[in-house]
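These protein sequence lines are chains A and B, in that order. Mapping of the first sequence onto our numbering: position 1 corresponds to residue 73, and the numbering continues sequentially without gaps. Mapping of the second sequence onto our numbering: position 133 corresponds to residue 205, and the numbering continues sequentially without gaps.
Some hints could be false.
For identical chains, the list gives no copy identity; a pair is met inside one copy or between any two copies.
Claimed, not checked - 20 Å max Cα-Cα, derived DMTMM-like pairs, lysine to aspartate or glutamate:
1. LYS100 with GLU329
2. LYS100 with ASP410
3. LYS75 with ASP393
4. LYS216 with ASP393
5. LYS75 with ASP410
6. LYS460 with ASP435
7. LYS169 with ASP143
8. LYS100 with ASP362
9. LYS118 with GLU194
10. LYS118 with ASP138
Hints in this document: simulated from the structure, not taken from any laboratory.
2 protein chains.
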Amino acid sequence: MGKEINVGLLGFGTVGSGTARILLEQQKIINARFGGNINLKWICDKDMGSDRGFPVPEGLLTDDLDMVLNDPDVDIFIELIGGLEPARTFVLKAIDKGKHIVTANKALLATHGFEIFRAASEKGVEVGFEASVGGGIPCIKAIKEGLAANNIQTVMGIMNGTANYILSRMTEEGEGFEEVLKDAQKLGYAEADPTYDIEGIDTAHKLAIMSTLAFGCKVTLDDIFTEGISGITPVDIAFAGELGYKVKLLAIGRSSEEGIEVRIHPTMIPASHLLAQVSGAYNALYMTGDSVGKVMLYGMGAGQMPTGSAVVADVMDIARDIAAGAVGRQHAFGIPFDSIRPAVIRPVAELSGKYYCRFNAKDRPGVLSAISGILSNHGISIESVVQKKHDFETIVPIVMLTHEAVEKDINSALKEIEALDIISEKPMIIRIEELASI
Amino acid sequence: MGKEINVGLLGFGTVGSGTARILLEQQKIINARFGGNINLKWICDKDMGSDRGFPVPEGLLTDDLDMVLNDPDVDIFIELIGGLEPARTFVLKAIDKGKHIVTANKALLATHGFEIFRAASEKGVEVGFEASVGGGIPCIKAIKEGLAANNIQTVMGIMNGTANYILSRMTEEGEGFEEVLKDAQKLGYAEADPTYDIEGIDTAHKLAIMSTLAFGCKVTLDDIFTEGISGITPVDIAFAGELGYKVKLLAIGRSSEEGIEVRIHPTMIPASHLLAQVSGAYNALYMTGDSVGKVMLYGMGAGQMPTGSAVVADVMDIARDIAAGAVGRQHAFGIPFDSIRPAVIRPVAELSGKYYCRFNAKDRPGVLSAISGILSNHGISIESVVQKKHDFETIVPIVMLTHEAVEKDINSALKEIEALDIISEKPMIIRIEELASI
Chain A
73 MGKEINVGLL
83 GFGTVGSGTA
93 RILLEQQKII
103 NARFGGNINL
113 KWICDKDMGS
123 DRGFPVPEGL
133 LTDDLDMVLN
143 DPDVDIFIEL
153 IGGLEPARTF
163 VLKAIDKGKH
173 IVTANKALLA
183 THGFEIFRAA
193 SEKGVEVGFE
203 ASVGGGIPCI
213 KAIKEGLAAN
223 NIQTVMGIMN
233 GTANYILSRM
243 TEEGEGFEEV
253 LKDAQKLGYA
263 EADPTYDIEG
273 IDTAHKLAIM
283 STLAFGCKVT
293 LDDIFTEGIS
303 GITPVDIAFA
313 GELGYKVKLL
323 AIGRSSEEGI
333 EVRIHPTMIP
343 ASHLLAQVSG
353 AYNALYMTGD
363 SVGKVMLYGM
373 GAGQMPTGSA
383 VVADVMDIAR
393 DIAAGAVGRQ
403 HAFGIPFDSI
413 RPAVIRPVAE
423 LSGKYYCRFN
433 AKDRPGVLSA
443 ISGILSNHGI
453 SIESVVQKKH
463 DFETIVPIVM
473 LTHEAVEKDI
483 NSALKEIEAL
493 DIISEKPMII
503 RIEELASI
Chain B
73 MGKEINVGLL
83 GFGTVGSGTA
93 RILLEQQKII
103 NARFGGNINL
113 KWICDKDMGS
123 DRGFPVPEGL
133 LTDDLDMVLN
143 DPDVDIFIEL
153 IGGLEPARTF
163 VLKAIDKGKH
173 IVTANKALLA
183 THGFEIFRAA
193 SEKGVEVGFE
203 ASVGGGIPCI
213 KAIKEGLAAN
223 NIQTVMGIMN
233 GTANYILSRM
243 TEEGEGFEEV
253 LKDAQKLGYA
263 EADPTYDIEG
273 IDTAHKLAIM
283 STLAFGCKVT
293 LDDIFTEGIS
303 GITPVDIAFA
313 GELGYKVKLL
323 AIGRSSEEGI
333 EVRIHPTMIP
343 ASHLLAQVSG
353 AYNALYMTGD
363 SVGKVMLYGM
373 GAGQMPTGSA
383 VVADVMDIAR
393 DIAAGAVGRQ
403 HAFGIPFDSI
413 RPAVIRPVAE
423 LSGKYYCRFN
433 AKDRPGVLSA
443 ISGILSNHGI
453 SIESVVQKKH
463 DFETIVPIVM
473 LTHEAVEKDI
483 NSALKEIEAL
493 DIISEKPMII
503 RIEELASI
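When you get a sec, could you build the whole thing from the sequences and use the hints?
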């Protein structure tokens, strides 16, 4: 007879239901692998009436949060309430009572993570957060343990299924952002208020967590440059395709001697790259380490069962530590809490890269020379130009791919170009990541 | 000041050199993450003279294996000698002395794994073997811990970089197997005796390990149907391409109510599937679990630094358990040794699937009807036929894709077809895995 571990689940929504189902329906295999009993003791939610699609054993569901938080038998609390408050307060209260925490709440961790991890570290309890990034993909474990012998140079990826779903459909069907978004909402791939997903905020939460882990320094939301996908048009996606690229909402974390770059924006990546094949609601984490080289992890980045899979994996990990008397065996961020350095962040304006620029210009002689003259004045050289002449149209898109250029130079040049009277609207830029071939 | 862990490295070849380099050159980051000292105390190899490309600190290298095995200060032995003996004897001796083991030796584990794990289990020491499958990809950890809340239904993948390199080049360049193999040998991608890699034996070692882990039952080499890539011709690869497939040496492990299927053979998979994009010396593990859905892990499946990365990750994991007083915290196979069931293996002849068949036939009237008549008599229906007429040729390849058929029916039909006097050589079959789109 192995150890008994009691679990209290806070939040019985989408991921909460998946987690409860796994804990109940897979109890046999979970216990066999653990070598003891992992027992779901409480499910706590205000909504005690809704059908979650599976039978909840009697006596499990309660709306009495205080009672649950004060139950001395609970070893691990799973926080799946989401959002900042009251989740933060509950988590801190539970830690204070010496309970271990498992959470999928990336907003909470990206915002109050250090407060929570400090409290947990002082109290000697563990905080599992595999489910906060990449849904069911075991990416936190991979970077923290599997790649622990590496200096991680890059951590990037497609970390938001909603944005990727929208961009994938725009690419496949040539439809506009608004249309696809509406359909995605109808199909349940996007929320009623899709801001977090489409503006890159959810991705920023995840990149803050992943880059803190990867680089061993404290990366906060404020450090991350974030640009969403709502400005992407089918025209840009079509041009990208012609030029051999796909447009993805890419999270990019890179460490170099000059510091850390952390940014999220629509990015053109080579269509032949493995990351470009990640379509629909799938996620992928792509990392490079100095020993391991390139590693990519792929899977469902959201959804009740995949995310529940990661939550329960964390519960099992903590249960093993409890059973072995080894709580705190592994540091939450892979290194001791106090060795996490402040991050030296490189401003996006200082970074250099290649750019896709689209200018909508009046179809007049001299347009091309005016634009390229300004780019040249700012030290930006052009790799290729695509100009399509359509009969009867007076406004034509001119697309230029630049060679390596510094972003602030691009910004200054674009400002000047925008002021030309031949330019009919704000120029569009999409950053390009060439990504070494794989 | 944290715990001191002493490591003895047995075998200073390719992976041994990579492992030693990581332990020496990354000591600072490794120790920071571990929170103690992981100290490479011995490197033991008969060859004490060769240059390994980096400076070995004095006093580290020895050829006195007995002295090293008897050093009471060593906590963990890394076995990178390779092969069955003397590796098996050393490992068992070290276990008997209460030492923990880290190994990359898939041949050893697939052949003597149960003897070794039983000895380790009885002696209360740990055996880490992340490096035995997928080089630097943390796939063992993923399946054992990251996906621990799942019933794993499928574990498949491209697990041999040499075979994948050869097939990739045949696909890209249209060259023949022998030519590409010779070039791969010249470039160091294939060994002088390539049998293990090209005949699927190395892949079988890895599939034995992965399917034992995934399904919780004892899968041995004898259970695995193994067919290599030496029979694949550029003609088949070209036909596969026309039909929308790529040919990969795929390891397939599947669990169902009827039992386990474990097989390795050249396989046609949809060219649009993520696994089909895995080219060159890269590996990928593709798994499905009932909660997590599809997961793919991708990276370098061999090489001194990637494999060294996995070896050192295991050393760090075991060091954490030692430091936390939690040796044996996790079972080597994810479940207690004694709960590993015998495997119920489904014979390949009983499995059903789709088949690519190529018949080289004399260009005479009635050929197609003779072949399709025999297939039909065996209950095999044809999905599509490609017959290419070349002028002046008297032998033409006829390619047929079947609908789902049982392998023993295919075999009987092919035997009959081969006996026809219009058939000029043994028919070629390649099994097709449609793989749900991802």
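Outcome of the hint check:
1. Only between protomers do LYS100 and GLU329 lie at most 20 Å apart by alpha-carbon distance; the minimum there is 17 Å, versus 49 Å within a single protomer.
2. Taking CA atoms no more than 20 Å apart as the test, LYS100 paired with ASP410 passes between copies only; the shortest distance there is 16 Å, against 39 Å inside one copy.
3. Taking identical chains as interchangeable, the C-alpha atoms of LYS75 and ASP393 lie at most 20 Å apart whether they share a chain (11 Å) or sit on different chains (18 Å).
4. Both within a single protomer and between protomers do LYS216 and ASP393 lie at most 20 Å apart by alpha-carbon distance, with minima of 16 Å and 15 Å respectively.
5. In this assembly of identical chains, LYS75 and ASP410 lie within 20 Å of each other by CA distance solely across copies; the values are 18 Å between and 32 Å within a copy.
6. In this assembly of identical chains, the alpha carbons of LYS460 and ASP435 lie at most 20 Å apart only when taken from the same copy (10 Å versus 51 Å across copies).
7. In the homo-oligomer, the alpha carbons of LYS169 and ASP143 lie at most 20 Å apart inside one protomer (10 Å), although the nearest pairing across protomers, at 45 Å, exceeds that limit.
8. For a Cα distance limit of 20 Å, the shortest separation of LYS100 from ASP362 across copies, 14 Å, qualifies, whereas the shortest one inside one copy, 40 Å, does not.
9. In the homo-oligomer, the alpha carbons of LYS118 and GLU194 never lie at most 20 Å apart, since the shortest distance is 31 Å inside one protomer and 49 Å across protomers.
10. Taking the shortest Cα distances, LYS118 and ASP138 sit within 20 Å of each other inside one copy (12 Å), while across copies they are farther apart (66 Å).
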